[in-house]
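For this one, chain A is given, so just place chain B on it according to the hints.
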Amino acid sequence: MKRIITATVQNRSGVLNRITGLLQKRQFNIESISVGRTETEGISKMTFVVDVEDFQKLEQLTKQLNKQVDVLKVSDITEKAIVARELALIKIGSNAQQRSEIQGIIEPFRADVIDVSKESLTVQATGKSEKIEALIELLRPYGIKELARTGLTAFQRGQQPQVADLTSSYSLLQ
Amino acid sequence: MEGLQVKVEAKMAMNTDSNSKPNTGADLLVKALIQEKVDTLFGYPGGAVLPIYDAIYRAGDGFEHILTRHEQGAIHAAEGYARVSGKPGVVIATSGPGATNLITGIADAMMDSLPLVIFTGQVASNVIGTDAFQEADVMGITTPITKHNYQVQSISDLPRIVREAFHIASTGRPGPVVVDIPKNISSGPAEEEYESTFYLPGYQPNLKPNPLQIKKLEDALAKAKKPVLLTGAGIIHGNASEELKAFAHHHAIPVTNTLLGLGGYPGNDELFLGMAGMHGTYAANMALYECDLLINIGSRFDDRLTGKLEHFAPNATVAHVDIDPAEIGKNITTHIPIVADSKEALKVLQKHDVESTNHGDWLRHLQEYKEEYPLWYNNPEEKMVPQWLMEKVHEATNGDAVVTTDVGQHQMWAAQYYTFNEPNRWVTSGGLGTMGFGFPAAIGAYLANPEKASVAVVGDGGFQMTMQELSILQEKRYPVKVVIVNNEALGMVRQWQEKFYEERYSESLLHTQPDFVKLSESYNVNALKIESQQHLEEVLPELMQNDEPVVLDCRVLQQENVYPMIAPGKGLHEMIGVKPT
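Sequence lines, in order, name chains A and B.
Position one of the first sequence corresponds to residue 1 (the UniProt record's numbering), numbered consecutively onward.
Position one of the second sequence corresponds to residue 1 (the UniProt record's numbering), numbered consecutively onward.
This is chain A alone, in the form it adopts within the complex (with noise of 0.2 Å):
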């Protein structure tokens, strides 16, 4: 079962380096990983997408993150209401008739044309990861010659709803 962690590091150098692999150590299969800089100075959040066979393993990956002395805080938020985008960069074969066809298949996911060069154009797109597999599916029959993508991040929502109210899982991986 897919499952979303973040954690919260102390940003000092190696942390990266131990948590994944401490991650390899254990055989947990990382899916995605991001990382990137917090509001706070000498904060990191780190979004996982792991792969683990049952909620024993994921107990044990959570409690091997959090022993890590430079690990805060780790949460799974797959339950839980989160926002969570990705950002992927496509680069497609085009000539200038297929521009306006392509950007037609664009628009609905809101993607926009950042690059253009007599042979190619550069897309970019954000948001859950099905949506980024939807768009690249429709954009590969012209040709893909780059594509980079980052990785989920995420956190939970502002207002998370009452437990009375949750009569569907909000995961976004299930």
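Errors might be hidden in some of the hints.
To be verified - Just a sample of chain A residues kept apart from chain B, beta carbon distances all over 10 Å, derived:
#1 Thr6
#2 Glu31
#3 Arg37
#4 Arg140
#5 Gln159
Said to hold, decoys possible - Listed next, the in silico DSSO-like pairs over lysine-lysine satisfying Cα-Cα at most 30 Å (straight line):
#6 Lys330(B) / Lys67(A)
#7 Lys57(A) / Lys245(B)
#8 Lys63(A) / Lys308(B)
#9 Lys63(A) / Lys347(B)
#10 Lys63(A) / Lys330(B)
Claimed, not checked - In silico contact screen, one side only, chain B against chain A (beta carbon under 8 Å); selected entries:
#11 Pro144
#12 His148
#13 Pro201
#14 Tyr203
#15 Lys330
Since the hints were made in silico from the structure, they are not lab data.
Think of the CB as a built atom: it goes at the ideal place given N, C-alpha and C, for glycine as much as any other residue.
Positioned in the frame of chain A, the structure of chain B alone reads:
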């Protein structure tokens, strides 16, 4: 002699000089070590740590520095020191090969939760990453095998990092911490004072147990008909032996130890079932198999203890007290998790004075196992057998020596036949199973507690991995006693090949051996080759009590095996070799 005089005077002159103020990063380091009350260093000099060694020299007599002949010896000695003293063992090694020679010991200390602070030299900051002479990525190499590690980036960070390193190594679940110091940091100019206070918000070990979980344990205890206590090294690290004994006696709960927990509960106590696990006693393993409540305090459910997981305490409610939350539920499903220091948890349990059921039938049942299936061996009475040898070592040391071992058959025989009644008497490489550990560890153990006899029980294979440390005995005359259980084989490998590889003894028989007596004598260490029971009985009592180091090359029967045993992949109830053959 004249030269020596000059040197001593020069050293004293420098000594007064260095009292004024630290002038290099290395001086700052030495000052920080003094503040941490470090009195013993284990190490080996080299290019990248020359400034540190120079600062130690100038600091004068504050430290006992043990110059081992290999960095592996230094770190195992520091482990022995840490295990017996409870204080962090401190190691210094140079960059590159010096640091990589420490890796086995760092991994060993990590597996067995021993507090170590390791200072490695590093090439100068401006050439790190260029494959400079004697450069190795110590941070990268040691990250998976340390509790934490640092590379010092600025001289002003050094005092804080040293304090953090000692704090992290010795609190919570102890472990090794590496501090990598580039040469420009140790030789660079330093001010007198830097900030040494630290704040580690991500590292706050939980010591006090959760009252709700304690209540659950008490409720379970009130109902249990067949409870058993399983105790590991956490009892010894937590200094909780007295509390454990009081708790076990108050409720009359039978007790079994892990290998590393030996001595945490008195081996001669009537409630003690013996060690559990692969070569544990039948009574201990059956108690774990049949119990309805298992209270694990400070053991991490290692696979050498549990055997096949599905047969481990299959019908029990499992309570697990551990200071490391990640150990709870890692291997065994736990119903009552208690994250706490062993002593704190036992104190709370004692205070509540809960009721427990009468489980006299259970105790009698286990007593029958103890009587019917004791540890056994056949004694031919002319050649020595190792089990008998361990009993004799126990007698000759009044059961009060600090015993260190490598890994293998001799380790299991020592665990089985040297009864440990006190904590801090047993130093062995459990988790990593490191050959070559025992002899240097005995040197460290002696330094930690010179009042007790320090006995290294080693195999002929393991001793040959670190025997160059005889140099320390030659130089310092520490009365360390080395008992080589010599069966001219890698005994445990040989035993497994006999049992599970149809007697194909591939590379396990040591047909050629050094003459251990001549070897020891070349280091000016007294040594004896002993081949008969009679000879051993004549010499052992005197040798174990006197103030001289000695090496005993004890020739034992090669074909002797360690029994009883849980074969790999089998459950606790499927022991073999339970009865004499």
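| task | Tell me, in ascending order, the numbers of any earlier hints that this structure violates. | result | 7
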